[in-house]
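Peer 1: Going line by line, the protein sequences match chains A and B. Under numbering that gives the first Met the number 0, the residue at position 44 of the first sequence is numbered 43, and the numbers go up by one with no gaps. Under numbering that gives the first Met the number 0, the residue at position 1 of the second sequence is numbered 0, and the numbers go up by one with no gaps.
Rather than coming from a laboratory, the hints here were simulated on the basis of the structure. A few of these clues could be false.
[To be verified] Below 25 Å or equal to it, Euclidean Cα-Cα: the simulated SDA-like pairs (lysine to any residue) are: (1) B/78 x B/59; (2) A/167 x B/6; (3) A/51 x B/56; (4) A/51 x A/176.
[Stated by the list, open to error] What follows is a list of derived Cβ distance ranges for each label pair: (5) A/86 x B/157: 36 to 46 Å; (6) A/129 x B/18: 27 to 37 Å; (7) B/73 x A/42: 37 to 47 Å; (8) A/145 x B/94: 40 to 50 Å.
Idealized CB from N, CA, C, for every residue including glycine.
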Amino acid sequence: MNLSDQDIIEGFLAGRKTEYEILAQWIKELAHIRLRIKRVSADEIVSDTMYKLLNNFRSDSFQLRGNLKSYVQAIACYTIIDHVRYWRKYTDLPEREDFDPPDPSSVEQDVEVREEQSIAERIFRLMSEECRKLWHLRFVDEINYEEIGARLGISEGNVKIRFHRCKKQAITIREKIT
Amino acid sequence: MDKSELLDLIPPYVTGKVSDEEKAAIERELPNSKELRDEIAFWRSARVATRKAAAYSAGGHLTSEQIVDYVREAISNPKEKLVIERHLQACDFCAEDLEIVKPAYEPSRSFFQRVIAQTKTTLKLVGEFFVPPQLPGGKRGLAMVLRPIYALPMLAVLVVSGVIIYQLTSPQEYAVSFALQFQTQDRSSGSGEVPTLTLDKRATVIHMSVPIPHAIIQPTMGNITLTLFPPDEKPIQLTQGLSWSVGSSTFDTAKVEIPASILHTIGTYSLHATVKYTPTSEPFEYSYRFKSLPD
Chain A
0 MNLSDQDIIE GFLAGRKTEY EILAQWIKEL AHIRLRIKRV SADEIVSDTM YKLLNNFRSD
60 SFQLRGNLKS YVQAIACYTI IDHVRYWRKY TDLPEREDFD PPDPSSVEQD VEVREEQSIA
120 ERIFRLMSEE CRKLWHLRFV DEINYEEIGA RLGISEGNVK IRFHRCKKQA ITIREKIT
Chain B
0 MDKSELLDLI PPYVTGKVSD EEKAAIEREL PNSKELRDEI AFWRSARVAT RKAAAYSAGG
60 HLTSEQIVDY VREAISNPKE KLVIERHLQA CDFCAEDLEI VKPAYEPSRS FFQRVIAQTK
120 TTLKLVGEFF VPPQLPGGKR GLAMVLRPIY ALPMLAVLVV SGVIIYQLTS PQEYAVSFAL
180 QFQTQDRSSG SGEVPTLTLD KRATVIHMSV PIPHAIIQPT MGNITLTLFP PDEKPIQLTQ
240 GLSWSVGSST FDTAKVEIPA SILHTIGTYS LHATVKYTPT SEPFEYSYRF KSLPD
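Based on the provided sequences and hints, a complete structural model is requested.
Peer 2: Listed below in structure tokens is the structure:
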């Protein structure tokens, strides 16, 4: 069966298995890259790339300007680097801060906390630019709703609504990737 | 404070940016509200994820998009390309990231190219192994003497590996035995039963036994010649593995090895045995026929 790039995108958006598998196969072709990255899970690369593709195709950002396979593999490569960077951060940056969850009382709990954190970071990478900016203002710049509103030129109420939407987005991403 | 107000307070709560009164209100509700506890857990994770991402970005690293686009030569702006190249020269992290995705955009290599590349890598590793360790003071004198200690076991391993690989890869002989019966010299076509050699496709060699009428004076090997006449092909002198043994008072047996490839043509073959019972006697000729059929 010879499907055009357009067919594959349409089939994927319609939730058809064949088209999904074609895209998954293209991502898996990068197996020789994955082999070099010990801690990066292939399944996570596939699921995160698929999520990005879903959003990009929905927003029509691909627009059939080039070869679909190259596009998919480029997105997969972005994802691979993001994952590698996560693991680098995992070892290079301080793990816990003052507001982190309390030290776990058991090894199992520690693993659970780390796993949760890993998922949270994957979610953050997959969120929209708008949400990441909003969270940055809140958690890095540590400014309140009112100041965020002033910076973005929107009301405080609107900021709260956006926070709520971003949380929903994060939950949706979590459901998709886990 | 109602629940919706409390929920709105959780993001500032996890950053410690709530008033004492708000903090007390949240903590009062916490033991009774799983929703509130889940909310706190969620925003704590969100905060850590955001701060980690920000800390990494603060290092001024290239984005994953910049790295991948640079590798796939999708950056058309020469200034941007220059900035990326300069950063890659200075930043080990980004250079490492680039090396990770580079293979995806290298021309695909054939299986043999990959084998050659792998062999080169292995040889390089072996070469490194043979380099004697640096001694204190940078001298390698004693280490050079010690080299056979490394070299001999390695050589032994290589020889054994070679033998194993040869055994595994060299074609194995698959022999089929075929014994001809003495056939009376009947010249009429189609008369008499012609024995059939059913040729197994795995066969590489046929061990053929040819009955020769017994003589009192046993001939030497030089006194027998066997010639095979394949159907519609030139006659072939058979010499490989030719041997002779006394069978009974009536017949002796000449044995010969015939490569199976010669017998793959389907049809009737003739085999001529020329025997000189004494070096000076006239040769006796015996003719045999057999059919070759594939398995």
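Peer 1: What hint numbers does the structure not satisfy?
Peer 2: Hint check: 7 fails alone, others pass.
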